[in-house]
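Spelled out from the first residue to the last, the chains are:
There are 2 protein chains.
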Amino acid sequence: MRLKTILTIIAVAILSAAFSAQVHAAEQEPIQPLKPAKITNPAKVELGKQLFFDPRLSRSGWISCNSCHNLSMGGSDNFKTSIGDRWAQGGIRSPSVLNSSLNIAQFWDGRAKNLSAQAGGPIANPIEMNSTHEAAERVLNTIPGYRTQFKKVYGVDKIGIDQITDAIAEFENTLVTPNARFDKWLKGDKKAITAFELSGYQLFKDSGCIACHNGPGVGGSSFQKMGMVNEFKTTNPSKGRADVTKKDADRMMFKVPILRNVELVPPYFHDGSASTLTQAVETMGWLQLGKKLTPDQTARIVAFLKTLTGDQPQFTLPQLPPSSDETPRPDPFSKK
Amino acid sequence: MRLKTILTIIAVAILSAAFSAQVHAAEQEPIQPLKPAKITNPAKVELGKQLFFDPRLSRSGWISCNSCHNLSMGGSDNFKTSIGDRWAQGGIRSPSVLNSSLNIAQFWDGRAKNLSAQAGGPIANPIEMNSTHEAAERVLNTIPGYRTQFKKVYGVDKIGIDQITDAIAEFENTLVTPNARFDKWLKGDKKAITAFELSGYQLFKDSGCIACHNGPGVGGSSFQKMGMVNEFKTTNPSKGRADVTKKDADRMMFKVPILRNVELVPPYFHDGSASTLTQAVETMGWLQLGKKLTPDQTARIVAFLKTLTGDQPQFTLPQLPPSSDETPRPDPFSKK
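One line per chain: the protein sequences are A and B, in this order. Counting in the working numbering, the first sequence runs from -12 upward without gaps. Counting in the working numbering, the second sequence runs from -12 upward without gaps.
There could be a bad hint or two in this list.
It does not matter which identical chain is meant; a pair holds if it fits inside one copy or across any two.
Derived lysine-lysine pairs resembling DSSO-like cross-links, with alpha carbons at most 30 Å apart [as the list claims (entries may be wrong)]:
hint: 1; residue 1: Lys192; residue 2: Lys22
hint: 2; residue 1: Lys293; residue 2: Lys171
hint: 3; residue 1: Lys192; residue 2: Lys293
hint: 4; residue 1: Lys139; residue 2: Lys178
hint: 5; residue 1: Lys293; residue 2: Lys139
hint: 6; residue 1: Lys234; residue 2: Lys139
hint: 7; residue 1: Lys226; residue 2: Lys322
FYI, nobody ran anything at the bench for these hints, they're computed from the structure. In this text the structure is predicted, and so the values were computed from the model without any measurement.
Just chain A, with the same shape it has in the complex:
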């Protein structure tokens, strides 16, 4: 062999070892990089996107999924509780729809097992979209542009609620936010985060936050008691999992929220009682870990959390298929 060839082989071997060490290091971390969404059925995703933005799914004709899960603002409305039909006050903080496919279940209390089961909820909830599944079907079946698409995607002549929620879920599955600076760091780009941010990550692990906020979502994979060490005081009536299981042991057990893009979606907690990320970190340290974090520690953890903001969904604003003469004209001011 010639010297050049030998040197090349050695160089490749060194690079491979370095790369494998890096990958190995990332694999050892309790947080994993987000993978971009794989789109296998673009026609279904496009249909789901239109439905996500379509206010005609609501009784008033004004509220769409995007009204409370605003994809221009981190996938949420950023209120303590959401606004529903005729300005009804919702019961709970609207969670971000971003990366929600990573959740163990949907809603804070996990009452929906997946995204399509979730999507049917707000349509029929009297304090959200306040329609019915039948009314939503009736409206969509009068819209030729939807009929054509449902026929193409599902092979059906008559649109049903199961296809509606399935298409919405398919779109929501694409709402993944990869390439956060922290993910770049995990993948070996050591300059992607600052020393200050890295120290925040160390604190996040050393203090115990990581016990619940781990995995690719940095949360979303378990239910935990809100107020594990010290009691959480709130006027919000939700009892968490107990509302679903009716077991006293599940009182105040809530799905651990995903911390991806957390800086985009104040206020925090299921009752929205923490209006800044700083407050949220301080409160969690005390309630869940019994720790009084110093302002410096809190600032470092907050700085780390801000490295979790990834690429936001990038897509063309959908054009909704127009109503026909047969489409019911909504009257948002009619008596209930």
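Please arrange chain B on chain A, whose structure you already have, making use of the hints.
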């Protein structure tokens, strides 16, 4: 000269003559094709787009320009009257924002001379966004991502309402919908519309609709009395231009609406009393021209009007710069 060259010259001459005849024909029509928007300041357009979609300009933090001028649905909310802060009932049909730069003035009664003057209205209107210009400025000045952009676009350290409305107007100027089938026909593609649709255009001209609905917007260039020949009966309290000029002669004078994309935005008229295009055409024939159009005539005119739907705005859903800890947290359920 060789024969080939001579033949080429002759062919070019014939084509030129044909083209010039065609252009001449299009120029003689009372409707002209829409020209695509020219974007000279993309950074300002992008900033205006973000503001157009930003609910933080409203008191509740929930209503954006796009709430009532929905760019997924023809630039309007498609209600008889719009929904405002705390579900307030608006006074009038929300006009489409599409091609609104072609209007002689803004609002049905023309009380704003241009788009930037218009944009300030809804922000401060108690039954629309119900904020104030000062509050809107205060909110935006706490958002670093806006401060950077306003600095870049306007060279200002402090964001003011004049720049806010100027940027929104700049974005709205881009909301032009060229390439309607009718425009293709005007430009010489005789197959772009059917014989039935063409007969509707002839009727539109012969019946007199064209007297007010002409130019590139097919309307938008004058104020006319609603109920010119026969009286328009409505419970809507608007008096049109008279509300602005206080002159009795201006009672029921409204801006002639642009008919571009009209199929996308039922219901019709300033009071939304015509729920289909068919009803709208019949009613206008009677009120404005004293004509009882036959169902066949109406159907032809409706078919022509549907050829006026152009390319809808195509852009990436904007990402809004996140609030900072200093940004006021809106409370949409607080007492007024």
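Notebook entry, point to check: Quick check: which numbered hints come out false for this structure?
Noted result: 6
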